[in-house]
Amino acid sequence: MKVISYLSSLMIPFLLFYVIGYGLLSKRDIYRDFLDGACEGLRTVGKIVPALIGLMTGVGVLRASGFLEFLGGLMGRVTESFGFPAELVPLTLVRMFSSSAATGLLLDIFKEFGTDSPTGLMAGLILGATESVFYCMSVYFGSIKIQKTRYTLPGALIATVAGVIAAVWMVRWMR
Amino acid sequence: MTYLWSGMILIGIVYGVLTGNLEAVTEAVISSSKEAVNLCIGMAGITAMWTGIMKIAETTGLVEKLSGGLRPVLKLLFPELTGEVRACSYISLNFLSNMLGLGWAATSSGLLAFQELDRINRENCIRLGETGKRGIPIASNAMCTFLIINVSSLQLIPMNMIAYRAQYGSPQPAAIAGPGLVVTMISTAAAVIFCTIMNRRR
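Going down the list, the protein sequences come from chains A and B.
For the first sequence, our numbering gives the first residue as 1, with consecutive numbering after it.
For the second sequence, our numbering gives the first residue as 1, with consecutive numbering after it.
Errors might be hidden in some of the hints.
Here's a subset of chain B near chain A, in silico, CB distances under 7 Å, partners left out [stated by the list, open to error]:
{"#": "1", "residue": "N38"}
{"#": "2", "residue": "I46"}
{"#": "3", "residue": "T47"}
{"#": "4", "residue": "T131"}
{"#": "5", "residue": "I138"}
Quick list of the computed label-pair ranges, beta carbon to beta carbon [claimed, not checked]:
{"#": "6", "chain 1": "B", "residue 1": "L10", "chain 2": "A", "residue 2": "K27", "range": "54 to 60 Å"}
{"#": "7", "chain 1": "B", "residue 1": "K34", "chain 2": "A", "residue 2": "K27", "range": "33 to 39 Å"}
{"#": "8", "chain 1": "B", "residue 1": "I41", "chain 2": "A", "residue 2": "E69", "range": "39 to 45 Å"}
{"#": "9", "chain 1": "A", "residue 1": "R43", "chain 2": "B", "residue 2": "K133", "range": "38 to 44 Å"}
{"#": "10", "chain 1": "B", "residue 1": "L181", "chain 2": "A", "residue 2": "L157", "range": "38 to 44 Å"}
{"#": "11", "chain 1": "A", "residue 1": "R175", "chain 2": "B", "residue 2": "T19", "range": "35 to 41 Å"}
FYI, nobody ran anything at the bench for these hints, they're computed from the structure.
We treat Cβ as the ideally placed atom computed from N, Cα and C, and that holds for glycine.
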């Protein structure tokens, strides 16, 4: 555990050192390259701003209205019969919109059920194996103004559902 | 995106009226839009930093060297990108940063990859003409695949999860790493299978 966290805290400084060191050895004007790249990055962030305002407002409205909780409660009754705890439904739903909000819910679950209870473990595994689908889609597609996303959403949902099922199955198998 | 976004707002407002939460909804419109701008300002610095570093790695040929190992994987997932060195490099870089859990580096390289995919898509639109499935505002196969794989979560060791578990008194915080790896591999496998099927379909 200590070793892993030590290594991961070393990763970023090491990467910076490696890239810049390698650049110096290749005798290019790497500071110029850096500035070019940073400028490109800033421009891209600028392009995402409108998409992010749109999405986050949508998510905010949906959450504030209480609809997500309502949907979670409704789905929870169904999922209980498959052995999926109802408490995890809101977590899974929120996870698809916002990582930070999902982390908040995760910590609530840790507090209530404990980190190593079946529910706590499932919550941890679900969060580790899924991503904020809608957030990612709006950032990436927003940056190049794509409107029709074709099969991205179905594919993303399949990956998410596979992760959730695998998490439940894993915890049951571990017991 | 249009239906998704309008649906979210309209459902939120209708449900807010039904439950009398309309004031909270109004409040959310104001606070969320502010939060979005704050988030962008917050991420601008670190994203620019990483795209700068990545530019160095790219011009010095380091990216190509590092992404060599992922080439067979990319060939399978992105059959139409053979020969597109820059796009492939950025995608590899994004996958690698995701695996290592370097969120910002992943976002930066992902955004650069999308710029490239957009350029390729535009070229294809001009060269092959626009159809119902190909157009400048329509996602290309490569874009769909890239996002689906990304969303399936590639991170090998969930460092932040281990930290949260430690913080909340888990006796063995890192014990989640093993099962976590299996679970995230299953979700990624599902994503890969789905994308391969969609790529093959004509």
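Hints and how they fare:
With 7 Å as the threshold, the beta carbon of N38 of chain B stays out of range of chain A, its nearest partner Cβ sitting at about 10 Å, so the hint is violated. The closest approach between the C-beta of I46 of chain B and any C-beta of chain A is roughly 9 Å, which is over the 7 Å cut-off, so the hint fails. Interface hint status for T47 of chain B: upheld, as the beta-carbon distance to the closest one in chain A is roughly 5 Å, under 7 Å. Hint on T131 of chain B is violated. Least Cβ distance to chain A is approximately 12 Å, over the 7 Å limit.
The interface hint given for I138 of chain B is met, as the beta carbon of that residue sits about 4 Å from the closest beta carbon of chain A, less than 7 Å. A C-beta distance of roughly 58 Å is found between L10 of chain B and K27 of chain A, which places it inside the suggested range of 54 to 60 Å. Distance hint check for K34 of chain B and K27 of chain A: the Cβ-Cβ separation is about 47 Å, which falls outside the suggested range of 33 to 39 Å. Remark: the range hint 39 to 45 Å for I41 of chain B to E69 of chain A is contradicted by a beta-carbon distance near 30 Å.
For R43 of chain A paired with K133 of chain B, a C-beta distance near 29 Å fails the hint of 38 to 44 Å. A C-beta distance of roughly 22 Å is found between L181 of chain B and L157 of chain A, which places it outside the suggested range of 38 to 44 Å. At about 38 Å, the beta-carbon gap between R175 of chain A and T19 of chain B stays in the expected band of 35 to 41 Å.
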